[in-house]
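Asks: Keeping the supplied structure of chain A fixed, place chains B, C, D and E upon it in accordance with the hints.
First to last, the sequence lines map onto chains A, B, C, D and E. Under the working numbering, the first residue of the first sequence carries the number 1, and numbering increases by one thereafter. Under the working numbering, the first residue of the second sequence carries the number 1, and numbering increases by one thereafter. Under the working numbering, the first residue of the third sequence carries the number 1, and numbering increases by one thereafter. Under the working numbering, the first residue of the fourth sequence carries the number 1, and numbering increases by one thereafter. Under the working numbering, the first residue of the fifth sequence carries the number 1, and numbering increases by one thereafter.
One or more hints might be untrue.
Said to hold, decoys possible - With a straight-line cut-off of 25 Å between C-alpha atoms, the simulated DMTMM-like cross-links for lysine to aspartate or glutamate are: (1) A:Lys352 to B:Glu199; (2) A:Lys352 to B:Asp201; (3) C:Lys101 to B:Asp242; (4) E:Lys240 to E:Glu266; (5) D:Lys101 to C:Asp256; (6) C:Lys240 to D:Asp106; (7) E:Lys240 to D:Glu248; (8) D:Lys351 to E:Glu292; (9) A:Lys101 to A:Asp182; (10) C:Lys101 to B:Asp273; (11) C:Lys101 to B:Glu266; (12) E:Lys101 to D:Glu189; (13) C:Lys240 to C:Glu103; (14) B:Lys101 to A:Glu248; (15) A:Lys101 to E:Asp242; (16) D:Lys101 to D:Glu128; (17) B:Lys240 to C:Glu103; (18) A:Lys351 to C:Glu292; (19) D:Lys352 to E:Asp201; (20) E:Lys101 to E:Glu151; (21) C:Lys101 to B:Asp182; (22) E:Lys101 to D:Asp273; (23) D:Lys351 to E:Glu199; (24) E:Lys240 to E:Glu103; (25) A:Lys101 to E:Asp182; (26) C:Lys240 to D:Asp242; (27) A:Lys101 to E:Glu269; (28) C:Lys240 to D:Glu103; (29) C:Lys101 to C:Asp247; (30) C:Lys101 to C:Asp256; (31) D:Lys240 to E:Asp242; (32) A:Lys351 to B:Glu292; (33) C:Lys352 to D:Glu199; (34) A:Lys352 to B:Glu292; (35) D:Lys101 to D:Asp242.
As the list claims (entries may be wrong) - Chain E regions said to be covered by chain A (calculated; three or more residues, Cβ under 8 Å): (36) 160-173; (37) 244-255; (38) 272-278; (39) 283-297; (40) 306-320.
Hint data in this document are derived by calculation from the structure and do not stem from the laboratory. The beta carbon of each residue, even a glycine, is placed where N, CA and C say it ideally should be.
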Amino acid sequence: MTRFFKKGSPKAGMPPGSLVHIGEPRPQPVAVRVMAYEGERLVERSVENLEEVFPLQGPPAATWINVDGVHGLPLIEDLGRRCRIHPLTQEDIVNTGQRPKLEAFDDYLYVVLKMLTYDAAAGQIRAEQVSLVLGESYLISFQEARGDVFEAVRARLRQGRGRIRTGGPGYLAYALMDAIVDHYFVVLEAIGEGIEALESDLAQEPGGALVQRIHRLKREMIFLRRQVWPLREVLSRFTKTDSGLVDEATRVFFTDVYDHTVQVMETIESFRDILTGMMDLHFSLTSYRMNEVMKVLTVIATIFIPLTFITGVYGMNFRVMPELEWPWGYAAAWGLMLAVAGGLVLYFRHKKWF
Amino acid sequence: MTRFFKKGSPKAGMPPGSLVHIGEPRPQPVAVRVMAYEGERLVERSVENLEEVFPLQGPPAATWINVDGVHGLPLIEDLGRRCRIHPLTQEDIVNTGQRPKLEAFDDYLYVVLKMLTYDAAAGQIRAEQVSLVLGESYLISFQEARGDVFEAVRARLRQGRGRIRTGGPGYLAYALMDAIVDHYFVVLEAIGEGIEALESDLAQEPGGALVQRIHRLKREMIFLRRQVWPLREVLSRFTKTDSGLVDEATRVFFTDVYDHTVQVMETIESFRDILTGMMDLHFSLTSYRMNEVMKVLTVIATIFIPLTFITGVYGMNFRVMPELEWPWGYAAAWGLMLAVAGGLVLYFRHKKWF
Amino acid sequence: MTRFFKKGSPKAGMPPGSLVHIGEPRPQPVAVRVMAYEGERLVERSVENLEEVFPLQGPPAATWINVDGVHGLPLIEDLGRRCRIHPLTQEDIVNTGQRPKLEAFDDYLYVVLKMLTYDAAAGQIRAEQVSLVLGESYLISFQEARGDVFEAVRARLRQGRGRIRTGGPGYLAYALMDAIVDHYFVVLEAIGEGIEALESDLAQEPGGALVQRIHRLKREMIFLRRQVWPLREVLSRFTKTDSGLVDEATRVFFTDVYDHTVQVMETIESFRDILTGMMDLHFSLTSYRMNEVMKVLTVIATIFIPLTFITGVYGMNFRVMPELEWPWGYAAAWGLMLAVAGGLVLYFRHKKWF
Amino acid sequence: MTRFFKKGSPKAGMPPGSLVHIGEPRPQPVAVRVMAYEGERLVERSVENLEEVFPLQGPPAATWINVDGVHGLPLIEDLGRRCRIHPLTQEDIVNTGQRPKLEAFDDYLYVVLKMLTYDAAAGQIRAEQVSLVLGESYLISFQEARGDVFEAVRARLRQGRGRIRTGGPGYLAYALMDAIVDHYFVVLEAIGEGIEALESDLAQEPGGALVQRIHRLKREMIFLRRQVWPLREVLSRFTKTDSGLVDEATRVFFTDVYDHTVQVMETIESFRDILTGMMDLHFSLTSYRMNEVMKVLTVIATIFIPLTFITGVYGMNFRVMPELEWPWGYAAAWGLMLAVAGGLVLYFRHKKWF
Amino acid sequence: MTRFFKKGSPKAGMPPGSLVHIGEPRPQPVAVRVMAYEGERLVERSVENLEEVFPLQGPPAATWINVDGVHGLPLIEDLGRRCRIHPLTQEDIVNTGQRPKLEAFDDYLYVVLKMLTYDAAAGQIRAEQVSLVLGESYLISFQEARGDVFEAVRARLRQGRGRIRTGGPGYLAYALMDAIVDHYFVVLEAIGEGIEALESDLAQEPGGALVQRIHRLKREMIFLRRQVWPLREVLSRFTKTDSGLVDEATRVFFTDVYDHTVQVMETIESFRDILTGMMDLHFSLTSYRMNEVMKVLTVIATIFIPLTFITGVYGMNFRVMPELEWPWGYAAAWGLMLAVAGGLVLYFRHKKWF
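Only chain A is shown next, with the shape it has when bound in the complex:
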């Protein structure tokens, strides 16, 4: 259950703004990559030291600082001081248990969202927190670990295709969020395939393992829903924002990501409804099949029980049992047994039991 919220207990009681990394421990060192561009010009480098970054900054050039790893507290504090990031924002960046949100500060917008990947082996969705700090001339992005989702955006920046070089940090923020939301569909696809496999297995043979699989998929949908639901609100605010950080022309692109998010949400809801229906279906099928089994047992048992009783009667050892002496007694016993069996068969047919 720890996926559902990050344990915040070590922090309870500390003053707000205290930087404490909450999240999975990450062994890799923190890596900082900077891309600064202005029209034709593009400078890209991996930096060791923030000193190297800051001469690059300043309008009208746009700078994208990407930080892989939020466990490097001194670096984040340093960055916070240089860009005047509010202590509460710094605290949120390093605490990976945030829910998606948008916070407007005087100088920047702070966005939290979740990068999702489906770990097929564990049958679990993994969520990684991505924070964006969008200033007038810069965008700082924080990931928990190095991922390849942003690589396509980098490639577009290098090639300079489309609006990406000219759209400023606001457009870049859009491009990153779009890349993340597009990736949600990949997760949905994996889940959708799991549901399809379940449906065809269910038609074959219900089983305990199947119920567990339905249950696990439902739990993942609950998890997924929580990661995506608040994003809708975040993107809706982007499309209506009057902050100068996102210009009019870029806002229409946010509408597009908003639409995708709504589509993701609706798919999640549909999947939940289908999974709930499958649980019911499984249950009804199990119950129906038990009914069938019971009928066979009942039919066979109730036909033979009286017959066996009859054989028992004539297996008794009483000295005086007139029937046993009759020459046609054995044949009569068979006749009686066949009559009883036949009567019961007719009765069960009448009851439509087989």
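Replies: The following block gives chains B, C, D and E in isolation, referenced to the frame of chain A:
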């Protein structure tokens, strides 16, 4: 599950506005049909080349360009350039995984909605995306494949009955949307018949196949709901729009389509409620019938089990068994057995088991 | 399922405003009754021809034209032309598949609502569409067939009691809607009695027929809810309308009908909740009783099965079976059997099975 | 089900404002008690005739007229005429099937709310309608029968403690509503005790009677919810009203009652959730216990069935059965039987059936 | 159930503002601790008598008066008089059955919230009411008993780190509320661990005790939800308040606590969904396992029942039974029995029963 969202993964990471056809592959070539009209005058032709279309355009004449097939990317790009359609709109036109929506751009309104047909053989609803681009003097409609739903609108245009020739592109957009929504009732009728058939089968004999049928219908309702739900919002915005593209007199007609959509939604909700009730009903019936079967088994088994025990006792071969020697022993055994059986029958009657 | 929406397919593709009667075929001819009144004066007649009506009209006199039967299309078209009723309104009047709604036009308000009756024989609620066109000096009401719900209003008009003669067409519209909504309580009463009968039957003995009855009542509640729910919105708009057609003094009466509608809705919701609870109750009871049956079977079977085995052992015909030769062998066998039976009885008592 | 709405059918078709008493018939005569006070002065009397009351009235003195019994129509009509109470209000006072509501008229506020008592013997909540008419200098309260809930308010008036003598009719209205809402907690307490008893019984032994008890409590919660839910809206409007009848200082007290009502609602919702959970729990437990019973039956039956078969084999009377002649045949048969039994026991242990 | 609301019955009928302690009886004496601070200066003491406190008060110094125990009515009355706390507020402070709320009075804000702890032994969440009275220069906090949640805040005050010494009473209120909400995560963690344990037990072996555990956890979630849900509204109002008591810079901190509360709520909802799913899972598993048990019983019983019948036939003692005389009769009987058994095994394999 692929019906529930279109796989967007090939597109992940591409810049926005890249045209990639997402949807079922369609072998037929793209067909373009143009109808231009102004009061008495009506010109209709199938065109090969967009060059042929564009001299026709221009106020006050109204032009309807219908494109059957959205997999012809160059044609759509060409059309987009000529009519100044935003790249994001073009992208949405060729990506058939959109949800119904209305987007207002400077020069035009962009509407996405779904044409639905019920494939009785597969027991599935099929959705085809229809895009409308409504400009001041033109309406462009995009379908995934040639359908006959718009044929009635074409017939009315040719005959020039009612407002259709004089109402401009806004009224034409209404007429097309009305045709699509009217068709939803045909789908609902097919589903409704399926539900009625289910109800009468259920009263006969529950079975595993029945549960699967209920489940499948529920899934179709989930699918249907997703295709129709957002349309309500779209039409509501049409009835309130202050865009000059839809005049006051036409808006009242959109109210009418809006009403139909609400009615479709309510029918969907009623059907879902009824199907959920049927699942419960099936389950309760199965359980009740199992109960009946169990009672018969129990009654027969518990009556004969003690009797068979008695026969077993007197079938034992002990040397000294006084009862066996009694002349009226056999009759006494029958007496005992009848007494036991009678007692149990009275007990079960008292328990109201049969 | 055809009750849930009227088949609109014959109309698909026709231009809006085409008059096509959709609804049950009605053999009776259309009847028109007119009541015109002003203070002390009241003229009432059944008319054959609309010519007879129209000299009556004109402020300040108020005229109520009641049309029984909406399948007389020429009459409705004629009426529409004379009173300048919008073609869409005319279309809605003759299409009995409308949902309750209020539409404001320049000259009149158009109201659709449903008259409900409970057909006890079929166990179904029947809905009949009533349309009201409320103009400045007239009210036109359309019913599908002649009913007696409006008779009480006519009686009050004739007697001239209360405000009805002086309140104008707005007050008359209120009086008719009030009569219809009051009649809903009669339907609820019938349903409520059905639920009470179910509850007492359920306490006696669950059965398959009972489940079907619960299911049918639930379906009727779904149907009822759909007919009443939108009326709430209609009446709420009446209480807030600033249309000159309903004066201030009349609005408070609409508040009263609104209250009744809310009460009807709440009763429907309560009934649905109770019926859902009853389905669960039935299911739990069935399951509990099966449990009881199983216990009896188990107790009797498991007590006698080992005993029968013992008799079987001593019924074997091996040449060398020392026990059989013992003089007290038979008594010992009985002793063993009683001991086994006693042990099992104690075990089952310990398990609280009986 | 008649508790859920009052049968209004006798009234259908009557003009609004007709006084018809709808509710339980009450044999007692209507009693009127008047308390008039102003600062130090307090006059209290039971009156026979309204003539006695009206000289008392008039600002700045405040008058509380309490009417026990709403079946005295002439009295209510007389009171209505004297205090200019709208005919619709009079109609609502005598029709005890109102839902809680607040209606503002020119001269007074009309409030309906429900006094609830738990009838432990019948296991049912009883609701009695209380109407308050709050004018500038008077408050008229109507109860269906004489109750003792208002007695505490009367005592405070007599003692003149707190604000009650100086707060005017608005504060008095608050005091009465507060007394009624406080009494809801007494009802909740009784229900809560019922739930607790159920929970401990459920842990002991599930049974059919238990399910019925859960069902009945759920139905009471549905009933209770309906009586209380609309009150929330009523009190919320009191806290925001700008009617001169409730002054600023009194409004904060209404906030307090509002809070209590919200708390009552939340408790009702919690109880419903718990009861729903208990139904599931009962069902799961029954099902689990049946499983246990089945296992015992299966284990015993399946162990002895093969053994009994073996004894049957050697109980056959074929002339040539070599095993029967073997001197150690009997011992061998026992050996075989023990081996079979042991094997089955191991198999069931492996399956974890016992 | 008494946890769900505090019994208010002793108070019913008393005038508002009467101080009656409602809650668990507490034997400890009430303790008052005062911390007054202004920039560098900090005075801290435990006081016996309120006289000692009040000279400390007065702007610009900020004073925090913490009262452990709300059963000391005279002290609270005294405090109320000195700080001009409204009688209704005093009443709410000593009645521990309040729901979380924020009330704005002229001079102060009154906040109620719940401190939660998880009592692992009883498997129950315990709620303790905390009241805050936030004035311009003071903050008074009331706890039901001495707890250690505020200790961390005291430590920060003593050390004077961060804003706490300079932020005034508004910031102090934030710090206390933050400490309480942070503690909710500790409770969630305990519950989350319980759910995880349940899930792994469920995969092993379902049982009656398991269902009870799921039920109990669900009940705790209902309880938890009630304590936290209204807090969301309280904090939302803090972030938007224009009361001068909370300055602009502090409001952003309240946004942070608000975020945490939303996260707590979402976790509660996820947990409820998961627990509901687990109930279904348990039920489906039980039902599936019963099915498995039934199949084994059926297979074994139905194979041996006909065989036992055959042995019964040849155990009969008829004088004339030709088969018994055949020399190969015994072998033939075995042959018949094996054929029947084999046939049934093939049939069951065909039915996929094992």
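Asks: Hint by hint, say whether it matches the structure.
Replies: Quick rundown of the hints versus the structure:
Restraint check for Lys352 (chain A) and Glu199 (chain B): satisfied, since their Cα atoms lie roughly 19 Å apart, inside the 25 Å limit. Between Lys352 (chain A) and Asp201 (chain B), the direct Cα distance comes to roughly 15 Å. Compliance with the 25 Å bound is thereby established for this hinted pair. For the hint pairing Lys101 (chain C) with Asp242 (chain B), the CA-to-CA distance comes to about 23 Å; that is within 25 Å, so the pair holds. For a cut-off of 25 Å, the pair hint linking Lys240 (chain E) to Glu266 (chain E) stands: about 22 Å separates their Cα positions.
Annotation: proposed proximity of Lys101 (chain D) to Asp256 (chain C) holds, straight-line Cα distance about 11 Å (limit 25 Å). The suggested pairing of Lys240 (chain C) with Asp106 (chain D) holds, with an alpha-carbon distance near 17 Å, which does not exceed 25 Å. For the given pair, Lys240 (chain E) sits about 24 Å from Glu248 (chain D) by alpha-carbon distance, which is consistent with the 25 Å threshold. For the hint pairing Lys351 (chain D) with Glu292 (chain E), the CA-to-CA distance comes to about 10 Å; that is within 25 Å, so the pair holds.
With a C-alpha separation of about 18 Å, the suggested pair Lys101 (chain A) and Asp182 (chain A) falls inside the 25 Å cut-off, and the hint holds. Pair hint Lys101 (chain C) plus Asp273 (chain B) holds up; C-alpha atoms about 23 Å apart against a cutoff of 25 Å. At roughly 14 Å between alpha-carbon atoms, Lys101 (chain C) and Glu266 (chain B) fall within 25 Å of each other, so this suggested pair holds. A hinted pair counts as satisfied when its Cα atoms are at most 25 Å apart, and Lys101 (chain E) with Glu189 (chain D) qualifies at roughly 23 Å.
Taking the CA atoms of Lys240 (chain C) and Glu103 (chain C), the gap is near 14 Å; set against the 25 Å cutoff, the hint holds. Proposed proximity of Lys101 (chain B) and Glu248 (chain A) is supported: the alpha carbons are some 20 Å apart, at most 25 Å. Proximity of Lys101 (chain A) to Asp242 (chain E) is assessed by CA-CA distance (about 24 Å); at most 25 Å being required, the pair is judged to hold. Proposed proximity of Lys101 (chain D) and Glu128 (chain D) is supported: the alpha carbons are some 14 Å apart, at most 25 Å.
Only pairs whose Cα atoms come within 25 Å are accepted, and Lys240 (chain B) paired with Glu103 (chain C) is accepted, the gap being roughly 14 Å. A distance of roughly 23 Å separates the Cα atoms of Lys351 (chain A) and Glu292 (chain C); the hinted pair therefore holds under the 25 Å criterion. For the hint linking Lys352 (chain D) to Asp201 (chain E), the alpha-carbon distance of about 15 Å falls within 25 Å, and the restraint holds. About 24 Å separates the Cα atoms of Lys101 (chain E) and Glu151 (chain E), which keeps this hinted pair within 25 Å; it holds.
Of the supplied pair hints, the one linking Lys101 (chain C) and Asp182 (chain B) holds, its CA atoms being roughly 19 Å apart against a limit of 25 Å. Taken as a hint, the Lys101 (chain E) and Asp273 (chain D) pair is honoured in the structure, with Cα atoms around 23 Å apart against an allowance of 25 Å. With a CA separation close to 21 Å, the supplied pair Lys351 (chain D) and Glu199 (chain E) stays within the 25 Å bound. This hinted pair checks out: Lys240 (chain E) and Glu103 (chain E) have alpha carbons roughly 14 Å apart, not beyond 25 Å.
Pair hint Lys101 (chain A) plus Asp182 (chain E) holds up; C-alpha atoms about 19 Å apart against a cutoff of 25 Å. At most 25 Å may separate the alpha-carbon atoms for a hinted pair to count; Lys240 (chain C) and Asp242 (chain D) meet this at roughly 19 Å. With a CA separation close to 19 Å, the supplied pair Lys101 (chain A) and Glu269 (chain E) stays within the 25 Å bound. For the suggested pair Lys240 (chain C) and Glu103 (chain D), the alpha carbons sit about 14 Å apart, so the restraint of at most 25 Å is met.
With a CA separation close to 20 Å, the supplied pair Lys101 (chain C) and Asp247 (chain C) stays within the 25 Å bound. In summary, the hint linking Lys101 (chain C) to Asp256 (chain C) is supported, as the alpha carbons are separated by about 18 Å, within the 25 Å threshold. With a C-alpha separation of about 19 Å, the suggested pairing of Lys240 (chain D) with Asp242 (chain E) holds against the 25 Å cut-off. For the given pair, Lys351 (chain A) sits about 10 Å from Glu292 (chain B) by alpha-carbon distance, which is consistent with the 25 Å threshold.
Only pairs whose Cα atoms come within 25 Å are accepted, and Lys352 (chain C) paired with Glu199 (chain D) is accepted, the gap being roughly 19 Å. Proximity of Lys352 (chain A) to Glu292 (chain B) is assessed by CA-CA distance (about 12 Å); at most 25 Å being required, the pair is judged to hold. A hinted pair counts as satisfied when its Cα atoms are at most 25 Å apart, and Lys101 (chain D) with Asp242 (chain D) qualifies at roughly 17 Å. Under the rule that three or more residues need a Cβ within less than 8 Å of chain A, the assignment of the region 160-173 of chain E holds, with 4 such residues.
Using a Cβ-Cβ cut-off of 8 Å, 3 residues of the region 244-255 of chain E lie near chain A, which meets the minimum of three, so the contact claim holds. With 4 residues carrying a beta carbon less than 8 Å from a beta carbon of chain A, the region 272-278 of chain E meets the three-residue requirement, and the given coverage holds. For the region 283-297 of chain E, the assignment as covered by chain A holds, since 11 residues bring a beta-carbon within under 8 Å of that chain's beta-carbons and 3 suffice. Check on the region 306-320 of chain E: 11 of its residues sit with their Cβ under 8 Å from a Cβ of chain A, so the three-residue criterion for coverage holds.
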